[in-house]
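Student: Under the working numbering, the first residue of the sequence shown carries the number 469, and numbering increases by one thereafter.
Hints are all accurate, no fakes.
Mimicking DSSO-like on lysine-lysine, the simulated pairs with C-alpha atoms at most 27 Å apart in a straight line are:
| hint | residue 1 | residue 2 |
| --- | --- | --- |
| 1 | LYS668 | LYS579 |
| 2 | LYS625 | LYS525 |
| 3 | LYS660 | LYS599 |
Bear in mind the hints are in silico, worked out from the structure with no lab data behind them.
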Amino acid sequence: MARTQPQLANIDPVWDRICREAEEAIAAEPLMGSLLHQGILHHASFDRALAFRISMKLASEEMSEQILREIADHAFASAPDLVAACRADLVAVYERDPACHRYMQPLLYFKGYQAVQSYRLGHWLWQQGRKDLAYFIQMRVSEVFGVDIHPAARIGKGLMIDHAHSIVIGETAVVGDNVSMLHSVTLGGTGKEEEDRHPKIGNGVLIGAGAKVLGNITVGCCSRIAAGSVVLKDIPSSVTVAGVPAKIVGEAGCDQPSVEMDQTHIGKDD
Numbered sequence: 469m470a471r472t473q474p475q476l477a478n479i480d481p482v483w484d485r486i487c488r489e490a491e492e493a494i495a496a497e498p499l500m501g502s503l504l505h506q507g508i509l510h511h512a513s514f515d516r517a518l519a520f521r522i523s524m525k526l527a528s529e530e531m532s533e534q535i536l537r538e539i540a541d542h543a544f545a546s547a548p549d550l551v552a553a554c555r556a557d558l559v560a561v562y563e564r565d566p567a568c569h570r571y572m573q574p575l576l577y578f579k580g581y582q583a584v585q586s587y588r589l590g591h592w593l594w595q596q597g598r599k600d601l602a603y604f605i606q607m608r609v610s611e612v613f614g615v616d617i618h619p620a621a622r623i624g625k626g627l628m629i630d631h632a633h634s635i636v637i638g639e640t641a642v643v644g645d646n647v648s649m650l651h652s653v654t655l656g657g658t659g660k661e662e663e664d665r666h667p668k669i670g671n672g673v674l675i676g677a678g679a680k681v682l683g684n685i686t687v688g689c690c691s692r693i694a695a696g697s698v699v700l701k702d703i704p705s706s707v708t709v710a711g712v713p714a715k716i717v718g719e720a721g722c723d724q725p726s727v728e729m730d731q732t733h734i735g736k737d738d
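Please model the complete structure; the sequences and the hints are all you need to start from.
Tutor: See the structure below:
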């Protein structure tokens, strides 16, 4: 069964590629046909398919898939920047995750991507003043994906979270563009402070598995935080930090640590 919107192929190469991948996957494994038609080929655009996927994952007895889908469809139709961020995240996953071989994989299978897009929907609701609904989205993302991102947190485009187990990002955290992080990362506070109390992560930063960045501190652009580190003080740009507490152990070693995804380099000084 061919998709019903061939005219989109000339104006949306990302969506056209996803649809081609779905058709090829059905040819290779017919048992996936129902899921791939339902999740991709029955939709007219990337944002409609994403709205469907989010609503299916977050639906519960407390809020139906139909209501959540209407909310997501309205958000994506109202906010082109929101859709642009969702697309940038998808491309980031494809380019940086060696386990990702097709554009359709994050949309259908990767909980890190799905969790971040659900957060983006909750953040849009928060900005609209619909805070209780945003909190509901946060709760469901935590329950379904094991990812807890406060809807007030500000996250830039091109975020890639690999594995995405036990991610925590606090209310006043800020994450720049093109950041990569692995599982069990915390961007948290240091106690019961109120007001601005969470980290500010610059563009292009790589945060290794299990790292904890705590307090209202700044991590400079294009720096690297080694796995298991506990960061309690500001970090300048383009360095590598490691340890508990984290200390500078060398330069970042490349222009874009979040893209290179090299967690073994600890700086030219070693």
